[in-house]
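K.L.:
Residues per chain, in single letters:
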Amino acid sequence: MADMRINGVRIEDTFAEAFPMTYTRLVITADTPAWVDAATASLTGFATSVIGCGCEAAVERLLTPEETPDCRPGAAVMIFGMSSGDLAKLVVNRVGQCIMTSPGSACYAGLFEGTKRIPLGGGLRYFGDGHQISKKFGDRRFWRLPVMDGEFVCEDSVAVAKGIGGGNFLILAASHRQCLAAAEAAVAAIRPLPGVILPFPGGVVRSGSKVGSKYKALVASTNTRFCPTLQAVEPETLLTPDVEAVLELVLDGTDEAAIRAGMRAGIAAAAAGGTAAGVLAITAGNYGGKLGPHHFHLREVMA
Amino acid sequence: MSGMTLTFCGGAGTIVDMSALLPERLAGLTTAEVAGLPLPCNGGVATVGGMFEISAGDAAEGLLIRPAGAVLHRVGAGMAAGRILVEGDVGSHAGAGMSGGLLRIAGNAGDALGGALPGLPLGMRGGLVSVGGRAGDRAAERMRRGIIVIDGPVGAYAAGFMIAGTLAAGGGCGPHPGFGMRRGTLLLGRPQDAMPIGFADGGTRDWLFLHLLRRGLEGTGSWFERAGSTRAHRFIGDLAEGGHGEILAMA
Numbered sequence: 001m002a003d004m005r006i007n008g009v010r011i012e013d014t015f016a017e018a019f020p021m022t023y024t025r026l027v028i029t030a031d032t033p034a035w036v037d038a039a040t041a042s043l044t045g046f047a048t049s050v051i052g053c054g055c056e057a058a059v060e061r062l063l064t065p066e067e068t069p070d071c072r073p074g075a076a077v078m079i080f081g082m083s084s085g086d087l088a089k090l091v092v093n094r095v096g097q098c099i100m101t102s103p104g105s106a107c108y109a110g111l112f113e114g115t116k117r118i119p120l121g122g123g124l125r126y127f128g129d130g131h132q133i134s135k136k137f138g139d140r141r142f143w144r145l146p147v148m149d150g151e152f153v154c155e156d157s158v159a160v161a162k163g164i165g166g167g168n169f170l171i172l173a174a175s176h177r178q179c180l181a182a183a184e185a186a187v188a189a190i191r192p193l194p195g196v197i198l199p200f201p202g203g204v205v206r207s208g209s210k211v212g213s214k215y216k217a218l219v220a221s222t223n224t225r226f227c228p229t230l231q232a233v234e235p236e237t238l239l240t241p242d243v244e245a246v247l248e249l250v251l252d253g254t255d256e257a258a259i260r261a262g263m264r265a266g267i268a269a270a271a272a273g274g275t276a277a278g279v280l281a282i283t284a285g286n287y288g289g290k291l292g293p294h295h296f297h298l299r300e301v302m303a
Numbered sequence: 001m002s003g004m005t006l007t008f009c010g011g012a013g014t015i016v017d018m019s020a021l022l023p024e025r026l027a028g029l030t031t032a033e034v035a036g037l038p039l040p041c042n043g044g045v046a047t048v049g050g051m052f053e054i055s056a057g058d059a060a061e062g063l064l065i066r067p068a069g070a071v072l073h074r075v076g077a078g079m080a081a082g083r084i085l086v087e088g089d090v091g092s093h094a095g096a097g098m099s100g101g102l103l104r105i106a107g108n109a110g111d112a113l114g115g116a117l118p119g120l121p122l123g124m125r126g127g128l129v130s131v132g133g134r135a136g137d138r139a140a141e142r143m144r145r146g147i148i149v150i151d152g153p154v155g156a157y158a159a160g161f162m163i164a165g166t167l168a169a170g171g172g173c174g175p176h177p178g179f180g181m182r183r184g185t186l187l188l189g190r191p192q193d194a195m196p197i198g199f200a201d202g203g204t205r206d207w208l209f210l211h212l213l214r215r216g217l218e219g220t221g222s223w224f225e226r227a228g229s230t231r232a233h234r235f236i237g238d239l240a241e242g243g244h245g246e247i248l249a250m251a
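Chain order of the listed sequences is A and B.
Sequential numbering of the first sequence, starting at 1, is according to this note's numbering.
Sequential numbering of the second sequence, starting at 1, is according to this note's numbering.
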């Protein structure tokens, strides 16, 4: 395939390798946007990588009072896990410890069609110690649990569905500052899109990993081929001497279209300033096609 | 409303048991087939065609009933799905034992609205009943699930022995509300003058779940859909029954 460049930024002829995951979507509300932020920051904390955290989670988008069931500010949060069984345990624990504890918060289902349903309030109701109240309005059942600031209202259950995790691209830049600026631009372009989240801090990963390690106890270790400080000693380095920093964006989404749209928007934003902004190349992480069935070829995505 | 229309054409004051005329039972039947169905009436049995003028249409799309001067008991009793709209008043046991669907009564309802049919242990088990006027005694008696919303007042023993569900009466209620209540919600559109017998004072506050109820009532045009507040005084009981039910009186 012919060389591809966007504003002079080289788009490598490679692909991002993603894999099937299971996801759900919650709607979190609170009295003010600040308390929505507090609740969702807690809910999505320590949820960057399914390998180390058990799940991957982030705010999909903020919701206006007109969009939420209880007419208050809210946010849609997506949580990805490896199976519905994993999600069932993780979600109810996170909602119990991070949403129920947050002042004024409420938790509702944000996904109604899927492969099965997992408990929310249905698993937390016993915290009410016999004073919990079930209310069913239409097809939706809610639980009211008495808590110290009033009642915690929580939907009984939420659907889970098949999604995709591990969509990604890497930004290679001439300086750390320029790399970070390009990554921030990419995050800003992806965040408004529906059905896709960036689970890492600020939406960006700086410690990409490879499978395996020289230490037998570790299943993954730093991706030496993309470490600028190891160019001189890493025979398989994928960096040129002018690359000073690399940052990665990892995307989880509802389907291939959501991932593809996110990657396209993110790469376009990262390359918008061109080589003049210090962005030298865009590449992607894969494992030779052995890890996952979803392959997002950068040049096809950006065609 | 598209669907089948039944307009009463008998004598004023005729008493009719309407429990056989449910959308799910009439769905797919022709006008002639519906006209031939037997209907308990004034202690005897008549036919639907002898009592009602029937318009062409499928009851699966909805059933519009015009009572004229008849006393129609058990309208929507046992209904599991579909819609019934009544342009006028209904008698007793409307929506009794109902498990789903929508029953909308533009006028007043008699006793035992959404309650239990004689000999049966449970009242309404699902669905939505909307009344534009007032309702009689024992509304929502032994109710298990669903919503009843009444724009006007309800009579005595509202939500008596209620097991769960929601009864919302915009015009308040008669004596002995929540008698024997186990769980569930009796929502009143006006403050209570006195503490209901058997209930403890649970304080006044804004109730978040009332927003959800309001969303559940969207499209009914009911008093609570129009109410701007979710602040209410809560009473918990019936403590004589060890109940965890609640009477919420809008503050």
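One should not assume that every hint holds.
[Unchecked claim] A partial selection of chain A residues facing chain B, derived with a Cβ cut-off under 8 Å:
1) D70
2) P73
3) S134
4) E151
5) N286
6) G288
Worth flagging that the hints you see were computed from the coordinates, not collected in a lab.
Glycine included, every Cβ here is placed at the ideal spot set by N, Cα and C.
K.L.:
None of the hints should be skipped; say for each whether it holds.
P.N.:
Hint check results:
no., hint, in the structure
1, D70, "holds, 4 Å"
2, P73, "violated, 13 Å"
3, S134, "holds, 7 Å"
4, E151, "holds, 6 Å"
5, N286, "violated, 46 Å"
6, G288, "violated, 50 Å"
When the structure is compared with the earlier hints, violations turn up for hints 2, 5, 6 and for no others.
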